[in-house]
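Join these two chains into a complex; the hints should help.
So you can see what is in the structure, the chains are spelled out below.
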Amino acid sequence: MNKNDRIIAAFLVSLGVFSSGVATQYVRSLTPDQKIVLLQASDTAGTAVPVDNTNTLPVPARK
Amino acid sequence: MIRLRKFGVVVGTRCTFDCRHCLLDKRKRKRSLREREKRLLCEVVRRYAPASLSFTGGETTLYVDDINRISSALPKNSKSNPGIVTNGGFASSVREARRMLASIRGLTYVQMSYDKFHAEFLPKSRLENLFNVCRELGIGFRVVTTLQSPLDLKITAELGAIGGFEVAVQKICDIGEAKKNGLAFRHFVFDKKVLSQVCPNRDQLVYQCGRGFSVCCSNLIYNGFGKYCLHKTPEDHFNSEFYKRMRNAVLGRLFVQHGGDPESLRPEHSSPCALCEHIFRTTDIVKTWPKK
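Going line by line, the protein sequences match chains V and Y.
Just so we're aligned, residue 465 is where the first sequence starts under my numbering, counting upward by one.
Just so we're aligned, residue 101 is where the second sequence starts under my numbering, counting upward by one.
One or more of the hints may lead you astray.
Derived PhoX-like pairs (lysine-lysine); straight-line CA-CA distance at most 25 Å [to be verified]:
no. : chain 1 : residue 1 : chain 2 : residue 2
1   : Y       : LYS293    : V       : LYS499
2   : V       : LYS499    : Y       : LYS216
3   : Y       : LYS254    : V       : LYS499
4   : Y       : LYS128    : V       : LYS467
5   : Y       : LYS138    : Y       : LYS128
Think of the hints as simulated: they come from the structure by calculation, not from any bench.
Remember, predicted model here, so these are calculated numbers, not experimental data.
Just chain Y, with the same shape it has in the complex (with noise of 0.2 Å):
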């Protein structure tokens, strides 16, 4: 029986803004859901009432209406907690950020984005004014910063004087309009811990807006293997090839396995997602997927 613990909805790739690092490529950024998905969504959240359900993007807020809609779906009893993950350009006052939180039904929290790339987009009074309401509206509130190197973590110093929320930290991506502009994070030599990790996403299910249903959230989605990894219901990707091999490999293991040699690698694939492209783009794995 499949459990749907986290589920993730990519609701479109519009942005009210153009940040040099999106993972998003800019010709990419004009999805929006059609009524089909909107339906096979709405069914998803019936069915399997994920705990956690939370919504990105594109910039979340210029989908409220298909946010509301899908959320909507969730059963009458369900202890799911919809989230939103933004960045915060629409908190030009208090006002106005109390307006959009209270237009989006049972928000149980905010993810904001901000990193010095977000930073050129938006002035920090924006995300002073999103805290603050999300606090006094009992919402939950974290920022997501993004690093190109370990010397960007300067910002939480930043951050930890606005107010005492979590500051998740994240490593840019090799992906999208950060590939093409050369701002994935660089890594100092090659990282040997990477071996021995795990896809990082393999507990949560995303649905990718025009696209499909993946685990996968980076790499594979993004630089063009798509074809292994997306589906186009939860229960044909939970019984993909992709997921079986997947959901238990180690990756330094599964890069051997297929005829890859560890002393070949270089700083580039310290991360999971990057070295799992690796494997993709340089072994024989996908001359082992059978035959459709």
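Extracted from the complex, chain V is given alone in its bound form (with noise of 0.2 Å):
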């Protein structure tokens, strides 16, 4: 994998997307097409948080 790669991988699994180990067979499988749109998530989403996968219920946020 490369750094790009890496960077994408590092980005679903801080988001609870996928374990470490399914997040690099998942990068490995996308195009090159795919794997931009992913990079640039990862630029942008500074604030994204996972949340439990049925966990509807917000916590207080901050104002």
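Here you go:
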């Protein structure tokens, strides 16, 4: 994996989308265009956080 | 002694949108709280004074009177943070957003649902209106966005451009309209991490409008296992067989304990809620339930 692939995988893991092993497999399956989409998302998603799979209850957000 | 730190109320199931990925079956989107439920919820809130009290739906802004009545039952010295989950459809203008938020007493935060499915009904300007008014009024604000695939994360760039609010990312569960329309998150392969996970909602109690109390707010409730996990009162729920088993259960261990073979698990079992449903559906766990 190159540097961008690792960035994408880390991004997916940080958001709880996949575990690290699965994230690596997933990134390897992506087309170049798909990688660009996720790379751009990782670049601008500074405030993105994971939520538990079905947790629809908010926690008090910062005002 | 029961401590209820986080309490959520599904205050009704009517909605102003018709999202294809809704967790509610379209046919079940007509519920409102009955009078006895409102009295019960007021009593629960008064007795337990949860630190976090949140209202979800359906669309919560269709139920402002009920929300106000229940949150008004909080003790005077309560440090609770009432909040709502909303689709933001009411925020057609800054003025309308202000009017609606001002009508909800004691509101401390707003969680807005926005993703490619909500976007079919909601112009982005309404999200901006709501965010700006929350900021102006000192009300917390965040967006929850759901994923059908990781590529849907591109929306985080779009949201980041609007403002510095938090964006919470959630996979679409295989329930309700999402299940009917085949829109649940597509797991790439079976992710073994789920075997070491626990119920993600075990620390939160939810009241489901017209149905009862449970820590479950997902697959078991919506896919036919409500009789095991829904109860008439919080006390009944916390003393239930379901709660006793699930509050400390590691899902992989529970699956094996009840005769499941981890090698048989498929990609769609990769979320805790999907695995939990699979356990109830395919193992002998319900046969070991004590008879009433």
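- Query: Would the pair LYS128(Y) and LYS467(V) pass a check requiring their Cα atoms to be no farther apart than 25 Å?
  - Reply: The hint is violated at about 48 Å.
- Has the given pair, LYS138(Y) with LYS128(Y), been kept, meaning a C-alpha gap of at most 25 Å? holds, 20 Å
- Would the pair LYS293(Y) and LYS499(V) pass a check requiring their Cα atoms to be no farther apart than 25 Å? Measuring from Cα to Cα gives roughly 24 Å; hence the hint holds.
- Pair hint outcome, LYS499(V) versus LYS216(Y) [Cα-Cα no greater than 25 Å]: holds, 19 Å
- Can the restraint linking LYS254(Y) and LYS499(V) be considered satisfied, given a maximum Cα separation of 25 Å? Distance of about 11 Å is within 25 Å: holds.
In terms of the numbered hints stated before, the structure departs from hint 4 and from no other.
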